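Engineer: Chain by chain, the residues:
Protein chains: 2
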Amino acid sequence: MKLYCFGQSGNSYKAALTLALADIEWEPIFVDFFNGEARTPEFRKINVMGEVPVLIDGDRTFTQSGVMQYHIARLTGKFDGKTQEEKYEVLRWVLWDNHKMSSQAGATRFIMNFLPEAKRPAEAIAFMQGRVKAALTTLDMALEGRDWLVGDSITLADISCCGYLFYPEPFGFERKDYPNIDAWLDRIAAQPGWKHPYDLMPTKEVVV
Amino acid sequence: MKLYCFGQSGNSYKAALTLALADIEWEPIFVDFFNGEARTPEFRKINVMGEVPVLIDGDRTFTQSGVMQYHIARLTGKFDGKTQEEKYEVLRWVLWDNHKMSSQAGATRFIMNFLPEAKRPAEAIAFMQGRVKAALTTLDMALEGRDWLVGDSITLADISCCGYLFYPEPFGFERKDYPNIDAWLDRIAAQPGWKHPYDLMPTKEVVV
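Chains A and B, in that order, are what the protein sequence lines are.
This note's numbering puts the first residue of the first sequence at 2, with every later residue one more than the last.
This note's numbering puts the first residue of the second sequence at 2, with every later residue one more than the last.
Excised from the complex, chain A in its bound form (with noise of 0.2 angstroms):
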């Protein structure tokens, strides 16, 4: 499999970690996204939503993470649950990702790091942070007593819900206050073939 992505991304990260602890063997394609490349009409043809990342599987495209992970779940028989209970309860936590964490998290940290300093505006910042606030709090509960999201191993909700979270760039996140986000991130850490997103996908720096 070949996936469009770049290191910044934790959109494109969520479908990489899938494929790494899959164990699946796959090809990155670099998209240089800070410089405009996934809004050129080229691009488009690929994916209308103009977004990355993109995973081709022989003569199929996927786009939306969370197909890309459901697509993987479905041909190895992991991660979306084992009970149709369970299989609920993940959907649920990619829907609320997509929803309210990454979505919010990755918007938050783009603004914050890598507009320029002059274009970064401050009470957006502020109200995004508020929402990626009430975002991980609500993760940090649900994490109360648990070690995994759904059921008692690993599955999309954890890899979904992940995806921006391990990245070094602030965005209104700190480990520290969050312990129960905290244990969990070294228990996913901890999953074999894991990697750090910048060491899974190709980064060029962003100069702002």
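Quick caveat, the hints were computed from the structure, so don't treat them as lab data.
Quantities reported herein were computed from a predicted structural model and do not represent experimental measurements.
Fair warning: there could be bad hints in the mix.
For chains that are exact copies, the list does not tell them apart, and a pair is met inside one copy or across any two.
As the list claims (entries may be wrong) - Mimicking PhoX-like on lysine-lysine, the simulated pairs with C-alpha atoms at most 25 angstroms apart in a straight line are:
1. K79 / K177
2. K3 / K79
3. K88 / K46
4. K134 / K46
5. K134 / K120
Guided by the hints, dock chain B onto chain A, whose structure is given.
Structural biologist: Then chain B, alone, in the frame of chain A:
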């Protein structure tokens, strides 16, 4: 089935509209969201995410509107695509909607309409409107030359993406600016069982 919901909630509407179009009997239970009911410890016992809607089907409780949509699809065999490729496409748009469309439209509409005027963050509104516009542009492009987002009939993809688009409150969306979306909303509204969100769910006027 019982659906904890309130009229202004586009996420509730996605679940309510799926129930209505599937012709399933259901009963709404009003949640006084604007007076903080969803964030109370009592409500967190129903949904740790502190969010509306919540769907009760016998002894099962579902949260995240997308999970409810998939539960209804599973029960009825409707709306989630006819082939494996269509199923991937439906999931793709449901995820995209949660990630880019309804999440941002909902937040933007909230801060522009349901916060006291003095508390409406102008810069955050401008930032969010830019993101809403990008999402609407993608949706309009995807609907070019098509009646439905996936396949040849309405699916969860359409029912998810339209979640906030029938509401009258301003958030940066004028139907006339997006002709493909405009025509598609008319097609959705012509489906048997369709109702406007304020006719489908109980509503208490918000005094700001």
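Engineer: Within a copy, between copies, both or neither: which one fits K88 and K46 at a CA-CA cutoff of 25 angstroms?
Structural biologist: This pair counts as between: shortest inter-copy Cα distance 21 angstroms, intra-copy 32 angstroms.
Engineer: With identical chains, the pair K134 and K120 could be close in the same copy or across copies; at 25 angstroms between alpha carbons, which is it: within, between, both, or neither?
Structural biologist: The answer is both: 23 angstroms in one copy and 19 angstroms across copies each meet 25 angstroms.
Engineer: At most 25 angstroms between C-alpha atoms: does K134 with K46 qualify within a copy, between copies, both, or neither?
Structural biologist: between (36 angstroms within a copy, 20 angstroms between copies)
Engineer: From the Cα coordinates, with 25 angstroms as the cut-off, is the pair K3 and K79 best called within, between, both, or neither?
Structural biologist: within (20 angstroms within a copy, 33 angstroms between copies)
Engineer: Measure nothing new, just compare the shortest in-copy and cross-copy C-alpha distances for K79 and K177 to 25 angstroms and report within, between, both or neither.
Structural biologist: neither (31 angstroms within a copy, 46 angstroms between copies)
Checked against the numbered hints above, the structure breaks only hint 1 and satisfies the rest.
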